[in-house]
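Q: Residues in the sequence shown are numbered consecutively from 1, following full-length UniProt numbering.
To be clear, the hints were calculated from the coordinates, so they are not data collected in a lab. Misleading hints may appear alongside valid ones.
Claimed, not checked - Mimicking DMTMM-like on lysine to aspartate or glutamate, the simulated pairs with C-alpha atoms at most 25 Å apart in a straight line are:
no.: 1; residue 1: K105; residue 2: D140
no.: 2; residue 1: K210; residue 2: E195
no.: 3; residue 1: K211; residue 2: E181
no.: 4; residue 1: K158; residue 2: D170
no.: 5; residue 1: K171; residue 2: E225
no.: 6; residue 1: K132; residue 2: D107
no.: 7; residue 1: K171; residue 2: E195
no.: 8; residue 1: K146; residue 2: D107
no.: 9; residue 1: K171; residue 2: D220
no.: 10; residue 1: K125; residue 2: E181
no.: 11; residue 1: K158; residue 2: E225
no.: 12; residue 1: K158; residue 2: E66
no.: 13; residue 1: K213; residue 2: E195
no.: 14; residue 1: K132; residue 2: E181
no.: 15; residue 1: K32; residue 2: E47
no.: 16; residue 1: K211; residue 2: E195
What the hints assert, rightly or not - The following label-pair restraints were derived from C-beta to C-beta distances:
no.: 17; residue 1: Q99; residue 2: G17; range: 46 to 54 Å
no.: 18; residue 1: N236; residue 2: G169; range: 17 to 25 Å
no.: 19; residue 1: G159; residue 2: G205; range: 48 to 56 Å
no.: 20; residue 1: Q99; residue 2: D220; range: 18 to 26 Å
no.: 21; residue 1: N96; residue 2: G49; range: 18 to 26 Å
no.: 22; residue 1: G159; residue 2: F28; range: 50 to 58 Å
no.: 23; residue 1: P224; residue 2: G159; range: 32 to 40 Å
Everything numeric in this text was worked out from a predicted model, so none of it was measured. Where is the CB? At the ideal position from N, CA and C, for every residue including glycine.
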Amino acid sequence: LCEKDSLFEFRYYMAAGTIFSDAFEGKFEKVKNEVDNCKDVVNMKDENGRTIYHWAASGGHLNLIEFLTPLVNDINHVDELGWSALTIACSAGRLNIVQYLLACKADPNIRSSLNTTPLHYAASKGHTNIVKLLLEHDADVNAQDKWGGTPLHRVASKGGPVIIRLLLGDKNCKVNLQDSEGNTPLHLACEGNNENETICLINFGAQFNKKNKENKTPMDLASPELSRLLKRINSNG
Numbered sequence: 001l002c003e004k005d006s007l008f009e010f011r012y013y014m015a016a017g018t019i020f021s022d023a024f025e026g027k028f029e030k031v032k033n034e035v036d037n038c039k040d041v042v043n044m045k046d047e048n049g050r051t052i053y054h055w056a057a058s059g060g061h062l063n064l065i066e067f068l069t070p071l072v073n074d075i076n077h078v079d080e081l082g083w084s085a086l087t088i089a090c091s092a093g094r095l096n097i098v099q100y101l102l103a104c105k106a107d108p109n110i111r112s113s114l115n116t117t118p119l120h121y122a123a124s125k126g127h128t129n130i131v132k133l134l135l136e137h138d139a140d141v142n143a144q145d146k147w148g149g150t151p152l153h154r155v156a157s158k159g160g161p162v163i164i165r166l167l168l169g170d171k172n173c174k175v176n177l178q179d180s181e182g183n184t185p186l187h188l189a190c191e192g193n194n195e196n197e198t199i200c201l202i203n204f205g206a207q208f209n210k211k212n213k214e215n216k217t218p219m220d221l222a223s224p225e226l227s228r229l230l231k232r233i234n235s236n237g
């Protein structure tokens with residue numbers, strides 16, 4: 001998945017010595033003075049469509065977010081990649097910002113240009129408390145990105161036994177959804193040799209024999225050791 005979703009990349013695309021960098025670095029008084037002098041600064045966009053609200057969220061500066069929220073045109077404004085302040089905060093692991101934005105009714109199911117949601121990023125980056133918070137605010141656990149992948153697909157592939165249990169524990173979670181290649185989360189867990197995630201998925205009803213577009217089952221993708229474990233589990237019913 002090739003996308004600018006890391007904190008490093010967000011910083012790379014930010015011009016140094018601007019109000020945007022000031023917001024990212026949490027220079028509250030400097031930003032406040034600029035805003036007091038010209039309210040239009042709040043909704044001004046950089047070359048990638050991001051506002052100082054995005055950058056304050058990325059940097060994790062709650063005081064700036066609280067100051068700017070009443071002034072922004074739209075709390076759900078997205079940049080050119082379709083990222084809102086909430087998306088950025090979820091990706092960067094800024095729990096305090098996520099809590100505040102959700103309390104202010106930021107959209108937990110907002111879609112990026114790749115059809116990803118904040119939950120995709122929080123889950124794949126291992127931000128357990130943010131995943132829990134998003135689910136508590138009705139984030140769609142089955143949201144599928146441009147490639148048909150759900151947050152569960154991402155965690156099954158990368159690993160994350162705590163988060164995978166959180167996702168599977170959501171009453172709406174569909175454990176056997178297939179992505180654009182026909183892979184279920186179990187396919188990806190087996191391919192990644194992620195034993196704990198594989199067992200979790202099976203315990204929640206993942207199907208052993210579902211085939212992907214290459215006519216392969218999860219067991220076909222598993223390592224010999226994991227394949228033997230799956231056969232034992234399957235034979236025990």
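Q: Hey, K158 versus E66, does the alpha-carbon distance stay inside 25 Å?
A: Given that 25 Å is the threshold and the Cα spacing comes to 34 Å, the pair is violated.
Q: If you draw a straight line from the CA of K211 to the CA of E195, is it 25 Å or shorter?
A: Satisfied, since the Cα-Cα distance of roughly 20 Å is no more than 25 Å.
Q: Would you mind confirming whether the straight-line C-alpha gap from K158 to D170 stays at or under 25 Å?
A: Roughly 20 Å between the alpha carbons, so the hint for K158 and D170 holds.
Q: Regarding N236 and G169, is the given constraint of 17 to 25 Å on their beta-carbon distance met?
A: With Cβ atoms ~24 Å apart, the hint holds.
Q: Is K171 close enough to E195, meaning Cα to Cα at most 25 Å?
A: holds (23 Å)
Q: Given the hint that K146 pairs with D107, does the C-alpha gap stay at or below 25 Å?
A: With a Cα-Cα distance of about 19 Å, the restraint between K146 and D107 holds, given a limit of 25 Å.
Q: Could you grab the alpha-carbon distance between K171 and D220 and see if it respects the 25 Å cut-off?
A: violated (29 Å)
Q: Against the 25 Å threshold, does the CA-CA distance of K105 and D140 hold or violate the hint?
A: With Cα atoms ~15 Å apart, K105 and D140 stay inside 25 Å; holds.
Q: K158 and E225: Cα distance at most 25 Å?
A: holds (19 Å)
Q: So if I understand the rule, the pair passes when the alpha-carbon distance is 25 Å or less; does K171 with E225 pass?
A: Outside the cut-off at roughly 32 Å; violated.
Q: Quick one: are Q99 and D220 within 18 to 26 Å, going by C-beta?
A: violated (43 Å)
Q: For the pair we were handed, K132 and D107, check the Cα-Cα distance against 25 Å.
A: holds (15 Å)
The structure shown violates the earlier hints numbered 5, 9, 12, 14, 17, 19, 20, 22 and 23.
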